[in-house]
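Those protein sequence lines, which keep their order, are chains S and Y. Per our numbering: the first sequence ends with 244, consecutive numbering throughout. Per our numbering: the second sequence ends with 1787, consecutive numbering throughout.
Some hints here could point you the wrong way.
[As the list claims (entries may be wrong)] For lysine-lysine, the following DSS-like pairs were computed, each having C-alpha atoms within a straight-line distance of at most 27 Å:
(1) 226(S) / 1358(Y)
(2) 1612(Y) / 43(S)
(3) 222(S) / 1620(Y)
(4) 132(S) / 1612(Y)
(5) 1448(Y) / 222(S)
(6) 226(S) / 1612(Y)
(7) 129(S) / 1612(Y)
(8) 1780(Y) / 129(S)
(9) 222(S) / 1608(Y)
(10) 129(S) / 1471(Y)
(11) 1296(Y) / 40(S)
(12) 222(S) / 1668(Y)
(13) 1757(Y) / 222(S)
(14) 1471(Y) / 132(S)
(15) 132(S) / 1773(Y)
(16) 44(S) / 1757(Y)
(17) 132(S) / 1448(Y)
(18) 40(S) / 1010(Y)
(19) 132(S) / 1780(Y)
Keep in mind the hints are simulated off the structure, nothing from the lab.
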Amino acid sequence: MKPKALILRGAATNCDMETAAAFNYCGAKAETVHINEILKGFKKISDYDILALPGGFSYGDDISAGQIFALKIRSLKKDFENFIKAGKPVIGICNGFQVLVKTGYLPENPCGERRATLFLNDCGRFICKWVKLKVNPKSPCIFTKGLPEEIELPIAHGEGKFLPRDKKDLEAILAGNLAPVFYVENPNGSAADIAGICSSRGNVLGLMPHPERNFFGVQGQKKEGKNFLSAGFMFFKNAVDYCS
Amino acid sequence: MENFINASKKELLKLNEKFGWSLNSAELEKARAYFAGLGRNPTRAEMETIAQTWSEHCKHKTFSGPVELCIGGRKRLFRNLFKETIVKATLKLNKKWCLSVFKDNAGVIEMSPRSKWGLAFKAETHNHPCAVAPYGGAETGVGGVIRDILGTGLGAKPVLNTDNFCFGPFEKEKMPKGFLPPKKIYEGVVEGVRDYGNRMGIPTAAGSVHFDESYTFNPLVYVGCVGLIRKDRIFKKIKKGDLIVVIGGPTGRDGIHGATFSSADIDENTGSSAVQIGHAVNEKKVLDVIMKAADKKLYNALTDCGAGGFSSAIGELGADTGACVDLSKALLKDSSVKPWEIWVSESQERMVLSVPRKNLAALKDICGIEECPICVLGSFDGSGRLRVFFGNEKIIDMDMAFLHGGLPKFVKKAVYKPRPEIKHFTHKPKDYNEVLNRIISDVNVCSKEAIIRQYDHEVQGATVLKPFCGKSGNTPSDAAVIWPYAFTGEMDNYEGFAVSHGFDSQSGKINPYLMSFYAIDEAIRSLACAGADISRTALLDNFCCANPGNPHILGDFAMAALGCRDAAIAYGAPFISGKDSFYNQSKVKGKDYPIALSLLISAIAPVKDVRKTVSSEFKKAGNPVYLIGRIKGGMGGSVYSKIFKEKNNVLPPCKPREHMKDYLFLSKAVESGFVAAAHDVSKGGLAAAAAKMSFDGLTCKLELGGVCRGLRTEEALFSQGPGLIIVEVESGKEKAFLKSSCGIRISKIGFVSADEKLEISLRGETQIKADTKKLLSLWKNSLGDKI
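Pulled out of the complex, with its shape left as it was, chain S reads as follows (with noise of 0.2 Å):
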């Protein structure tokens, strides 16, 4: 049995299909489905056993970056919570882990508030390039297994300073290697350089680089030696891996 992948979206998410695709394409079957439906009752989380938050705007990035989306999503607290209980991959991209982290699911905490953000880059606008990411090979994240040291992807955000509530949380989150990538060149001014950051388990990842967009070797900025399959390929396959 395939394992199924949920893509949630809202108003405006905008990567749903470029990430329903990568899952698709490492074996997963992949359902993009709006948070309404879920709301409404049509369709349930626990039928799901991989979880995405996809990229974009979601409504808009009103009041702040995923804001709106995560207000919807704790009105579901309870299903979500066992969804991540239950050990299930869970991976938020860009306003997916803007999301994550405004709903108090990142960094992971035992009283599941919010404990960190997502602050608007130090340029003070949205930035696109690509960027080189340093792999932490200690983390306990299942999606970040097997990648290499250093490996590239594109970043498009205009709020990806990541800021936690304190040093104490920064360092818990460094000495549990919760944070898998780092910025070897720090484009927004997040702290000690974070680009993304897992939970204890490894299973719930939040980063703003986007690997759905470096998953073949065409996508990529430089147009040589190019490998069919790229960095990004890796943070899918390992999620359908470990659920198959």
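Knowing the structure of chain S, use the given hints to seat chain Y on it.
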């Protein structure tokens, strides 16, 4: 309206001015006669409908009207200039891969014979709105062209946005009353395109920016969109009895008179209330509803609400069947909006669908999930009349035939006077390195990274050739290549498409006819560099012009249109859609400021295998460097001439058939894997092109002696003509490359080097020896410095 049918000519003109209809006296007379025949006065709503429908913006009466062109005393009459130029080229070329041309919101070509997909392409301008309200004007420009694509056939999926801007120089800070400084306009426009395009989840990955004094009061903002459409869903057919359904945002008072406003010159009294207010998320909801409803085949036709709002959308859809509308059913932003305002309001993010009654419930379900407002305004009733009510009150009752066929035609005069050619040279440069520094940092050459990086050009994961490529992401690309695997779901099908542009208003000041050739040449050449299948290139023409009431302005325009026809035929590239925008002209303290005649050519062609796409940065030291084409000299229209006030205005000749042969050869060579890098020689000439290829760590050493016989050094280095491409060939494949080049004008001009200095010599004498890091820094920071 009282006293309309008995009004005098003068009184009619007074009404026209009071209500801002932008109609001329012949048109007013035609309307008067129609209602006199009915024995009653028109309602306000009827006159507003006529003004919108007959506006320059909606009917393109200059381009589609009769024009008498006079060249040196010889007169020539065109009954319909558009049909006898742009359309004629397409008819003559008669390409079977053109699936829909000129009749829908966008033109459609085939991706390939075996593909089930077509490519819908359209570009628009939103100049007048951006002059008075840059952010809102740019946002709604983007929103409008995306809706054009959504409303093509039975709905296309937008996969690429394009943007091309023209601004006045940033140095101009003090402006007369009622005008914004160019820098303010620039900032607003860039932010508007960014915020709308990014929120829509459509990559903005191709475009250009041009600066010229003539755009100081009238900026130009071109926005384009490409959509994917199933080949079997290209045509719409309204069925009698279908419901008129509106989805999307509510209707308000914003954007009243947008169509008529853009059919007049701008002056200090022009307000911004004619500009609409955009809301990207509402449009994304509309997009998502349409994609789902299209899959379930819930509607028979759709179109967008653009200029003229409901009056145009319902008027056009119902042109054959007639329509009966009750405006009291419309969702409103504000309950005080008057019925005629509802009818013509250009509130954004609305689409009109023709829905069989039995499908309404299913459509409402989708709208419920997607949180997209929906309302039913009436039906396409088969009466052949347009009848509009507000509750029980009838506000419009007109024949569709009069509304769409009643526009009077009258001949416009056009005069073309060729400019004298200046063959001698007035500037003698001392140091060519210094010249290159000036050129590479000129606003018309330098990097537009400050703009481009604010756009998400990677969303949808499909952007194979990006605005910047190379391991450093520093080298600019000639075209965008898109591989829409995520939407099609065909991950083992490597077919894609490429989009590029051509624009040369500087050359147009010297010879508008040749300008069209240059623009088309540049666009096709850029596609060839990326490795597109240029034998299937389709073009869009977007003209921007000053007031066509001036015979000389119209004369230049007519020559450019003829240039488009002749060039399109010679290159074998048909037009599939286009748009024209007139009255890009301002009155300041009694003086007229017209823009330079501006033609944007957008080109699209399929790419057979996106994996073979080539970028422009040098790849490997030691690889040979070739030049395709011959340098012909002449500094007319060049960046060099503009900077150094060189008076020589000779334009290099364009030889379309030879150039096309060269480009087809290059296209094949890319496909065969012989080519490591290719870049077209455009603004700034050959030296600037070689410099841009050197921004990723490697550079080149070139000797131009063999390719510029009889030319001056500045001509060899900086002249801009058509036909030239620099190509880096894989060293191991040079023989095969040469073998396949029989009959093609290629010359070996040097090799790629791992040095830090770009070197260009002529007949053994070094003319340029420039540090590529310094060039890169000048190129990267020049526009940034000015923001």
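Each hint tested on the structure:
1. 226(S) / 1358(Y): Between residue 226(S) and residue 1358(Y) the Cα gap is close to 52 Å, so the pair fails against 27 Å, i.e. violated.
2. 1612(Y) / 43(S): 42 Å, violated
3. 222(S) / 1620(Y): Holds, because 13 Å separates the two Cα atoms, which is no more than 27 Å.
4. 132(S) / 1612(Y): 25 Å, holds
5. 1448(Y) / 222(S): 20 Å, holds
6. 226(S) / 1612(Y): 11 Å, holds
7. 129(S) / 1612(Y): 22 Å, holds
8. 1780(Y) / 129(S): Since the Cα atoms of residue 1780(Y) and residue 129(S) sit roughly 15 Å apart, the hinted pair holds (cutoff 27 Å).
9. 222(S) / 1608(Y): Measuring from Cα to Cα gives roughly 20 Å; hence the hint holds.
10. 129(S) / 1471(Y): 12 Å, holds
11. 1296(Y) / 40(S): 21 Å, holds
12. 222(S) / 1668(Y): 22 Å, holds
13. 1757(Y) / 222(S): Satisfied, since the Cα-Cα distance of roughly 22 Å is no more than 27 Å.
14. 1471(Y) / 132(S): Holds. Residue 1471(Y) to residue 132(S) sits at ~11 Å (cutoff 27 Å).
15. 132(S) / 1773(Y): It holds: about 21 Å lies between the C-alpha atoms, which stays within 27 Å.
16. 44(S) / 1757(Y): Judged against 27 Å, a Cα distance of about 63 Å means the pair is violated.
17. 132(S) / 1448(Y): Holds. Residue 132(S) to residue 1448(Y) sits at ~23 Å (cutoff 27 Å).
18. 40(S) / 1010(Y): 63 Å, violated
19. 132(S) / 1780(Y): This hinted pair holds, its Cα atoms lying about 21 Å apart.
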